[in-house]
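**Student:** If you want the building blocks of each chain, they are given just below.
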Amino acid sequence: MSLKSRQALAILSACVLVVGVLAAAGITVWRDFSPYEREVLEPILNPRLGLLIMIGLVGAGAAAVMMKSFVQENLAAPAMLADELGLIVGTDPARRLKPTGSPELQRIAESVNLLADQRRSLQEDVEVRVREARLSVEEERNRLAALMSELNQSVVVCNLDGRILLYNNRARLQFKALSDAPTAAGGGEIIGLGRSIYMVFERNLIVHALESIQERIRRQSAQPVANFVTTTRAGQLLRVQMAPVLSAVEGETESTVSGFVLMLDNITRNFEAETKRDQMLHSLTEGSRSSLANLRAAAEMLEYPDLDTELKDRFLKVIRDEVQGMSSRLDETANTFADSLKTRWPLDEMLGADLVAAAQRRVEKKLGLPTKLEDVDPDVWVKVDSFSLLQAISYLASRLSDEFEVREVRFRLTSAGRLVHLDLIWSGQAMSTETVMSWELEPMAFAGESSPLTVRDVIARHDGEMWLQREKTQHRAFFRLLLPSATPQDQVDASAYLKQDSRPEYYDFDLFKQTEASHELDDRPLAELAFTVFDTETTGLNPSEGDEIIQIGATRIVNGKLLKSESFDQLVDPLRELPESSTKIHGITPEMLLGQPPMSKVLPAFHAFAEDTVLVAHNAAFDMRFLQLKEEGTGIRFAQPVLDTLLLSAVIHPSQESHRLEAICERMGVNIMGRHTAIGDAIVTGEVFLRMIPLLAEMGIRTLGEARRASEKTYYARVKY
Amino acid sequence: MTKKILIADDEQNIVISLEFLMKREGFIVCIANDGQEALDLVRSESPDLVLLDVMMPRKNGYEVCQEIRAEPALQGTRILMLTAKGRETEVTKGMAMGADAYMTKPFSTRELVSKVKFLLDIPA
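Protein sequences appear in the order of chains A and B. Going letter by letter, the first sequence gives residues 93 to 813 in our numbering. Going letter by letter, the second sequence gives residues 22 to 145 in our numbering.
Bound conformation, chain A alone:
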């Protein structure tokens, strides 16, 4: 029964009650009268019957009025309170009750308001905590990523399916070096978020390593790691250490492996060095053994008294030959293997000029001694333990300053073949050799720093030498430190770091949750898939009449993020002339295409780049046509599913007339930049596509299959190219 009818019923009952009671009273009294009394009263009452009824009605009315206010207070007001309360609970936690009605109701309302306040603050507290937790997780991730990017070792983190979740810059550079594809992808076709590590390593190798890790975990080994060495396609030797990523599962005490970390070391060079050392040892042992045998035998023969002169001469000749042979072999070995013979102290390779600059800073700051540079060869690389070496230099400078009142030191760095001369120069008198000796042999202590090492220890650590040399004509002297040189490192590293203006998207831990779906891609939500968004520039519009691709640009979307740092951007020599009219559109001139790889080289790299992803392009049919015409010649097929942003736009905005990329960008609020370069258009298309995913979801289009079916139904899909 509704509130209104309950109210009406209550009022009506009150009226009926009053009228009933009055009528019953009248009737009862009437019955009680004697016939005589009735006769007397009837003529008195009869004319006043109206008045009596009136009194009854008034009574009923009064009851109705009283009941109404009672009902208002006890039915309507609580009902309203209940409604308001429902609003607070359900929709608007900030809403508060107005204390109205009876004092009891007002007290209830006040208490409810208090409860609501408490609830609100609790909720806010929880939200704050959640936000804080999320922030700290985010921060930790960022810190981890930052740390990783600084690491000198290549690190790749994968989930159990071998999908890459994180990699650092070092790993990217290493894979770039391993890549045998043209420059375009820069190793990006091998390493990228969501890509499979099995592109690099044989699946069995990883599976085997994982198994042995599982086994170690089962045996509760303290270090459940696995090591293996493998060769890459380019013939490099990689040493790989694998460690598990463990995640605790609720309700279980043991943690399970949810992924793995690979630490990669390119040991090709080390291996070569080892091999060389091995050769050296071999030539020193076995080579010497034979010669020594010859020598010893001959010498022992010479001891026989019954030797004739001719034989004696022959044995002597053997001895001369062998001694000479051994000497020259020893020299040769020493020269050839000089590098391998160096002490095993781990030395860092650094640019000589950097070392000198560091020495300058240290001497000036620690000792307050002015410094100057003389000839410093900018191309020289040294192999040093920079900390101890800088200590030694500062120590020498401090003694010069303290004991010989040297007021300024200068540095000079020159190359001398396999060695480098680092000179510490000063004007004024030179000390005696004994003094130098004592400086060399005392543990280093200066300006509050002290070390158990001596200068000689430091020099020995570098397998170097040091001496004092005088320049009498200029009235000055210098300490010369002989240090090992290093082969210059490629500066690629530095430029690769500089090129990126923002920290690139090198990690995506959400991929941990992804597992290799056994079900078809079609059933998977768009938001979960990896996409390669691409665009091409061509010589013209008719591939069947000989028009060719001259540029491919592509970028990747993984887990709903556009990975601009994992892009593919390559010009292609079309092996035909380029119509001037097309240059107006894409701005690519024939000169720009000179020396670029032909499609037969670029297509395999692009195919690898797009492997395991869904292709996305604007007006994809056009680009796909060009690619498909190459299938026969190159044997490369793009068999993966394709989505077209043009068709999807028609799905989302069927009434709009234009589905050109510019028009879509305007509708979706995507900034257009660098249009009509393949990579620029690919990025814009990617942004557009990302914004389409939630819009499609609102229409109930969530999976790849649904998106494809919806696309096929649009008018535009029926147009053939």
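Since the hints were derived computationally from the structure, they do not count as laboratory data. The beta-carbon is built from N, C-alpha and C at its ideal position, and this holds for glycine as well. Some clues are possibly wrong.
[To be verified] Taking lysine-lysine pairs in the DSSO-like style, the calculated list, with each CA pair at most 27 Å apart, reads:
#1 A:404 / B:136
#2 B:80 / A:404
#3 B:80 / B:25
#4 B:138 / A:404
#5 B:44 / A:404
[Stated by the list, open to error] Partial selection, computed: residues in chain B whose CB lies under 7 Å from chain A:
#6 38
#7 41
#8 105
[Said to hold, decoys possible] Estimated spans, in silico, between C-beta atoms of each pair:
#9 B:87 / A:391: 32 to 40 Å
#10 A:446 / B:79: 53 to 61 Å
#11 B:113 / A:328: 30 to 38 Å
#12 B:64 / A:321: 46 to 54 Å
#13 A:509 / B:113: 41 to 49 Å
#14 B:79 / A:321: 35 to 43 Å
#15 A:319 / B:140: 44 to 52 Å
#16 B:47 / A:391: 21 to 29 Å
#17 A:243 / B:113: 41 to 49 Å
#18 B:140 / A:441: 56 to 64 Å
#19 A:533 / B:87: 54 to 62 Å
#20 A:535 / B:113: 46 to 54 Å
We have chain A; now place chain B onto it with these hints.
**Tutor:** Here is chain B on its own, set in the frame of chain A:
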């Protein structure tokens, strides 16, 4: 009866000494400069003992050793390996290939003589 010894080594500088030494001890000496020649001479000259170097051209000492041991007619031939390969693994291999003794270069000529005599059952 005078025993015959084959010296198989491609290094002339050791052959000179060994030849002199063995002749002086009263043996008949023949010389091979590589593995194949050594094998041929073992067959044609049937020496009582071979001083066999491992590192030789054409056929190395291990192969020579193995082939000698594979021919029943040559079973009486004693083999003393003389080599610069001094690692335990190589000594083991030499013995496994059928050498009767193994001496690592450099060796003492006196010891060599006594070993040869021991192998040929000649009292020192």
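**Student:** All hints are to be evaluated individually against the structure, with a verdict given for each.
**Tutor:** Hint by hint, here is what the structure shows:
no. : hint                      : result
1   : A:404 / B:136             : holds, 25 Å
2   : B:80 / A:404              : violated, 32 Å
3   : B:80 / B:25               : holds, 22 Å
4   : B:138 / A:404             : holds, 25 Å
5   : B:44 / A:404              : holds, 15 Å
6   : 38                        : holds, 4 Å
7   : 41                        : holds, 6 Å
8   : 105                       : holds, 4 Å
9   : B:87 / A:391: 32 to 40 Å  : holds, 34 Å
10  : A:446 / B:79: 53 to 61 Å  : holds, 57 Å
11  : B:113 / A:328: 30 to 38 Å : holds, 36 Å
12  : B:64 / A:321: 46 to 54 Å  : holds, 47 Å
13  : A:509 / B:113: 41 to 49 Å : holds, 44 Å
14  : B:79 / A:321: 35 to 43 Å  : holds, 36 Å
15  : A:319 / B:140: 44 to 52 Å : holds, 48 Å
16  : B:47 / A:391: 21 to 29 Å  : holds, 22 Å
17  : A:243 / B:113: 41 to 49 Å : holds, 46 Å
18  : B:140 / A:441: 56 to 64 Å : holds, 57 Å
19  : A:533 / B:87: 54 to 62 Å  : holds, 60 Å
20  : A:535 / B:113: 46 to 54 Å : holds, 50 Å
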